[in-house]
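Colleague: Protein chains in written order, with the working numbering: chain H, 229 to 514; chain Y, -14 to 295; chain W, 20 to 283.
Hint data in this document are derived by calculation from the structure and do not stem from the laboratory.
Some clues are possibly wrong.
[Unchecked claim] With a straight-line cut-off of 20 Å between C-alpha atoms, the simulated SDA-like cross-links for lysine to any residue are:
(1) 384/H - 115/W
(2) 384/H - 124/W
(3) 384/H - 116/W
(4) 115/W - 389/H
(5) 384/H - 139/W
(6) 384/H - 25/W
(7) 115/W - 388/H
(8) 115/W - 504/H
(9) 170/Y - 149/Y
(10) 384/H - 148/W
(11) 170/Y - 250/Y
(12) 384/H - 158/W
(13) 115/W - 387/H
(14) 384/H - 160/W
(15) 115/W - 399/H
(16) 384/H - 118/W
(17) 170/Y - -6/Y
(18) 115/W - 479/H
(19) 384/H - 159/W
Below are the chains, spelled out letter by letter.
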Amino acid sequence: MAQALLNGLVSGLLIALPAIALSLTYGVLNFPNFAIGAMITAGAYITYFFNVGLGLPLVAAALFGCLALALVAVVVQHLVYRPIGTDDHITLLVGSMGVAFVLENLVRFVYGAEVRTFALSVARPMMWQGLRFNQEQLIIAVVTVTAMAVIALVLKRTALGRAMRAISDNPALAEVRGIRRHRIVDWTWGLSGVLTALAGLLIAMDTTVEPLVGANYLVSIFAAAVVGGIGNPFGSMAGGLIIGIVEELSTLVLPTTYRQGVSFIVLALVLFLRPSGLLGTARIKR
Amino acid sequence: MTGYLVSILTFVVLAAMLGLALNIQWGQAGMVNFGLAGFYGLGAYTAAILSVSGANPAIATGAAIALTAAASAIVSLASIRLREDYLAITTLAFAEAVRLVALNEQWLTGGSNGIRDIPRPFVSYIGGGNYELAFLAICVAALLIVFVVLEAIVRAPFGRALRALREDDVVAATLGKDVLSLRMKAFAVGGAVIGLAGALHAFYLTYIDPGQFAGFVTVYAFMAVIAGGKGSNRGLLIGACTVMVLLEGSRFLKDFLPFVNAQQAAALRLMLIGVGLILLLIFRPNGIASEYRLQVGNRSRASAHSNSQT
Amino acid sequence: MNIALQEAISVEAISAGYGSSDIVRSASFNAGAGRITTIAGPNGAGKSTLMKVVVGLLRPRLGRIMLGDRDITRLDPPSRAAAGLGYVPQEHNVFKNMSIGENLRIAHEFIRPRSSVAEFAAARDRVLALFPDLAGRLNGLAGTLSGGQRQMLAIGCALMPSPTALLLDEPSAGLSPRYVAEMLDAVRIVNESGVTVLMIEQNLVEAVRVSHDMVLLVGGEVKGLWLAPEFLDDPKVTSLFLGGVQHDNAAHPTREGPHGTGTS
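Same shape as in the complex, but just chain H (with noise of 0.2 Å):
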């Protein structure tokens, strides 16, 4: 049960990341974004480009995978979502839809369907008060805990942090004190970028590479941010922990195939019956 509980922690970190970046995006531009599968995707398969590809090593080859998603993510931001037009929610659904069959398909073509690895040397697992726990899961707890911090240090303490609030609490009002929307949009766009690139990586170490490596996390980032109350970032960390660890302990009692579908009920409940997410960080509504 405590070793469920570890698990579900160090997962529930991983899918706060995406959960975070589809917060961040769906503030600013209001629209929850359903290529953040398809972004985790193509993050690991760049970072593997650069890993494996050119030599790098993965710290470097990391970095270099968050710069380009985070450019990649503000190139669509101006080819497909502005020109659909920042004011019709339905349609840039819609289109994030379309992203997400080019992104997964893109990554297809050009690296087929076989199932890749990082270049990483395997270490044995380690022992903590009789929890198991193996190195991967400590790099994805630092990271994450690492980029959480500072995107929370983003938020509350940067010019650009509290514009990116302005604008998800009122955009026109934003406009009228001076903030810049598309400026600001493309910032939140890169930094949802380096996020996703940061689980794809960590999530493409712990697994594989392979074509469907975002997607099976789909519908647990929604439930995560639905959870915390998609559009809150802060939420969206909480409402990882709690998906992570729920998902977690129903292995415990259903085959571990199903967690996406318990993610699925739990996802289903809070829409129906809470909406503004569970943990009473109600935002206060316009």
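Following the hints, put chains Y and W in place on chain H, whose structure we already have.
Modeller: Chains Y and W alone, transformed into the frame defined by chain H:
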């Protein structure tokens, strides 16, 4: 050659049905169904499982329609909270759940191997050689019935209520329309049509597996609806044909790209479909045919790039 | 603190609306530099629409907006703010999920990005001196403020970047009488430092008390300009307000505007 043509036409007819269903759900009622492929699979598997166990094809089809309609009604409860995003998320997750069940419950669905040897309906009445053609005729008949029924709904008060809902659900609610009940009905009607299409799909192919009900089905349906003009059933038929022609045409792509292997060609095709959807959304979000409705100078939330026709 | 440059807002032949029909039709008037001008009119006259055009939230179909001697018609809202236009919307005028301190900070840092910490502090102190009620609760969320306090914060935010012109959309809406007088007195104090004020106000008694000039907008058209003290006494005003047809084209006591007044 005719065999190939018949096969394409059958797929066009099935795609058109899915498009008509999405047209009622999304085009008319504004409900975004990102899990369309999952409902399609639900219909197909229901018909297949019952058929293989010996049920009469009419009963199997009826069950497929009923079950899919019921599932749609339940899932649409997520829309109780007005925002379309929530329904989109829920339907997507539902499709995932269906896929998981299909993959894992071997005893029921055959897992990744799927279900084979689904008995074809009426095969004993029709000679083997003409079966495909006769089945196509059945599908076309079904499509026509569905079209007529849905058109009647669009023009009836129910349809007007749906469109009022789509434009502004707060206003519609204050007009006394029971928002949730209208939505559930619209979604269920669409679901019934999807279930029917699923059953026909199963009978036509006689073999189904989870891979046939993946995201691309949903994307096709959305493309057909957007190309044809959201809400317009006639436009949708044109849209569905256009989309199918493009898709089938792109199959021949690999003949022009010899350096690309079969797998890559498939990925390229799907990529182009995604690009096609995006281009449609940017340049033709209102489709080619206009909607059945007086355009009383009502520029709705169309983006600055959309063509202002009529 | 007196501002160096006093700028007039000039609305020239503005026609605007949503969709295919115009709500505002060829409206022209001048909000004099350093003066308080109030736009009055019955409901649905298009006052808010007109204000949105001046602020930049709505593109006019025709016409021009000048701030001082600059044509700001093509500028988007952030650029107009940088040019010296401050705006207080009627509703949703603060960031509810952010603290008061953050609201004030945001209101300053994007319009005056190159200012120093000292300049920001000075601006904030000026606003807090004007609205001392806000001083004690800088960490509270703006959404938890009462209506009157929220309005004060909204005005304070608009003032943070030291605008040359301040636009207010119904500053007294929904406020208790005590707050109404307080609010409009604050507006007058701001104006005394040289800020041009253009506002929409339904409470005509209070508006006339603090304003210099009144513009009457009926059915999307400017029906005339008056000096505030004479506004309520003029029988033409009452009849126009109630929708009567204006037969008498005798000159109203107006200042010279660039395009004269709209005719009925």
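Colleague: For each hint, tell me whether it holds in the structure or not.
Modeller: A quick look at each hint next to the structure:
| no. | hint | result |
| --- | --- | --- |
| 1 | 384/H - 115/W | holds, 15 Å |
| 2 | 384/H - 124/W | holds, 13 Å |
| 3 | 384/H - 116/W | holds, 12 Å |
| 4 | 115/W - 389/H | holds, 16 Å |
| 5 | 384/H - 139/W | holds, 18 Å |
| 6 | 384/H - 25/W | violated, 37 Å |
| 7 | 115/W - 388/H | holds, 18 Å |
| 8 | 115/W - 504/H | holds, 16 Å |
| 9 | 170/Y - 149/Y | holds, 15 Å |
| 10 | 384/H - 148/W | violated, 27 Å |
| 11 | 170/Y - 250/Y | violated, 41 Å |
| 12 | 384/H - 158/W | holds, 13 Å |
| 13 | 115/W - 387/H | holds, 17 Å |
| 14 | 384/H - 160/W | holds, 14 Å |
| 15 | 115/W - 399/H | holds, 12 Å |
| 16 | 384/H - 118/W | holds, 11 Å |
| 17 | 170/Y - -6/Y | violated, 30 Å |
| 18 | 115/W - 479/H | violated, 41 Å |
| 19 | 384/H - 159/W | holds, 15 Å |
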